[in-house]
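Using the hints provided, position chain B relative to the given structure of chain A.
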Amino acid sequence: MSNNRIKIVEKILNANDRLAEQNRQRFDQSQTYAINLMASPGAGKTSFIVATIKALIDDGIRLGVIEGDTAPVTIDSDKITAAGMPAVQVNTGGECHLDALMVEGALDQLPLEELDLVIIENVGNLICPAAFDLGTHSKIVISSIPEGDDKPYKYPNIYRGLDVLIINKIDLLPYLDFDMDYFRQGIEMLNPGLETFALSCKTGEGLENWLSWLKAKLS
Amino acid sequence: MHELSVTESVLEIACKHARKAQAITVTDIYLVIGRLSSIVDDSVKFYWDMISKDTICEKARLHFKRLPAKLICLNCRKEYELNDELTPCPNCGSAKVRVLSGDEFNIESIEIQR
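Heads up: the sequence lines are chains A and B, in that order. By this note's numbering, the letter at position 130 of the first sequence is numbered 132, and the numbering carries on one by one without gaps. By this note's numbering, the letter at position 34 of the second sequence is numbered 86, and the numbering carries on one by one without gaps.
Next comes chain B alone, as it looks inside the complex:
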């Protein structure tokens, strides 16, 4: 359950940038999470309502943009996405692959009123 720590960090970053922009309130927060970063959306939302209370971010909506993990086959250069389980290349069956992306774990932007 590291979602609490994660949610606290999101709040801290959002409040910091909102104050800097002289916001009255924050309405939306956009997060970008790669497939290879583990986080449970519902549990972040649960903590969010509790810890954002009485802050400039209270009632802000959280948006999760999920990015797939992309792999490339070093044998046939085919690019494919990791789904439920890690699999060899669906084109040629080779296990010589590299992970291209999927580790993202960022707060991308916030929407404020001022």
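Same shape as in the complex, but just chain A:
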């Protein structure tokens, strides 16, 4: 018997990445733009999706939502279907994130050919979802003002590899000690030039900038 060292150098999540690539090809074939939306619990993911849907309906844009949840609750997807769009609930069975395989299963339940846009609402958690590519065209994180301005400095990992950052709940700025320049400086250190939209889903302030970015991607 002999001992041998075998060199591998393979990405640990290679299998997920390959599956994600297949999902991306399905989106491309049906000409559907796909977004992976991540945030902590309570940052406003569902409100953000509902606000986006309401604005897009008038433009005739057809949109579907995949909802990731750790337990079978339907509150989130009920809000989405109430806004008139197809939603698929994916129960992760306690897992902290969606992966490419779960999304593949959800895609079979959506009329992809009829949709211009699919938003995947990831499980409310900032650490885990960031590691798993789902096969979307862009990865978006929502940070909200009550979470504090020091997050990029304390949790640098999650701001890497993002395409868009949404800063939600700016209507609360007058009431909280949130230094926007300090926050943005941390983001710039980790992800230079990151597309950032500061807005409030409650008042609607700043939403139009996000919507024109999105519409440009859809046209």
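Everything labelled a hint here was simulated from the structure, so no lab data went into it. Heads up, the beta-carbon is just placed ideally off N, CA and C, and yes, glycines get one too. Any given hint could turn out to be false.
Cβ-to-Cβ under 8 Å is the rule here; a few derived chain A residues that face chain B [to be verified]: (1) Met3; (2) Ser4; (3) Arg20; (4) Cys130; (5) Gly150; (6) Pro154; (7) Pro158; (8) Leu192.
Structure of chain B alone, referenced to chain A:
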């Protein structure tokens, strides 16, 4: 707790390469993890003992090589490492910096017996 998914992937990759090399058993697995990839070593080891049972990788030792996240200051070109918190350049105080490395998340090699 995405460590379970990660550990399953490690097992799958290690078994695949071990079979290809006609190994009898895998004794060691070497992982390379950058500072900007989040993973808890102890929790991977915990899952490892459970899921590697009755596979060619059973009892293989996991080795974690941690790589620091390196940054470079665009103002004075000083290179420095990210420690507990993200900080501006320790040399000139500039926040104009770029991340050079730290996103690694690889299985680098395995040690087998055959």
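So, going through the hints one by one against the coordinates:
1. Met3: 5 Å, holds
2. Ser4: 6 Å, holds
3. Arg20: Hint on Arg20 of chain A: violated, closest Cβ of chain B at ~11 Å, above 8 Å.
4. Cys130: Interface hint status for Cys130 of chain A: holds (4 Å vs cutoff 8 Å).
5. Gly150: 13 Å, violated
6. Pro154: 6 Å, holds
7. Pro158: 5 Å, holds
8. Leu192: Interface hint status for Leu192 of chain A: holds (6 Å vs cutoff 8 Å).
Comparing the model with each earlier hint shows violations of hints 3, 5; every other hint is respected.
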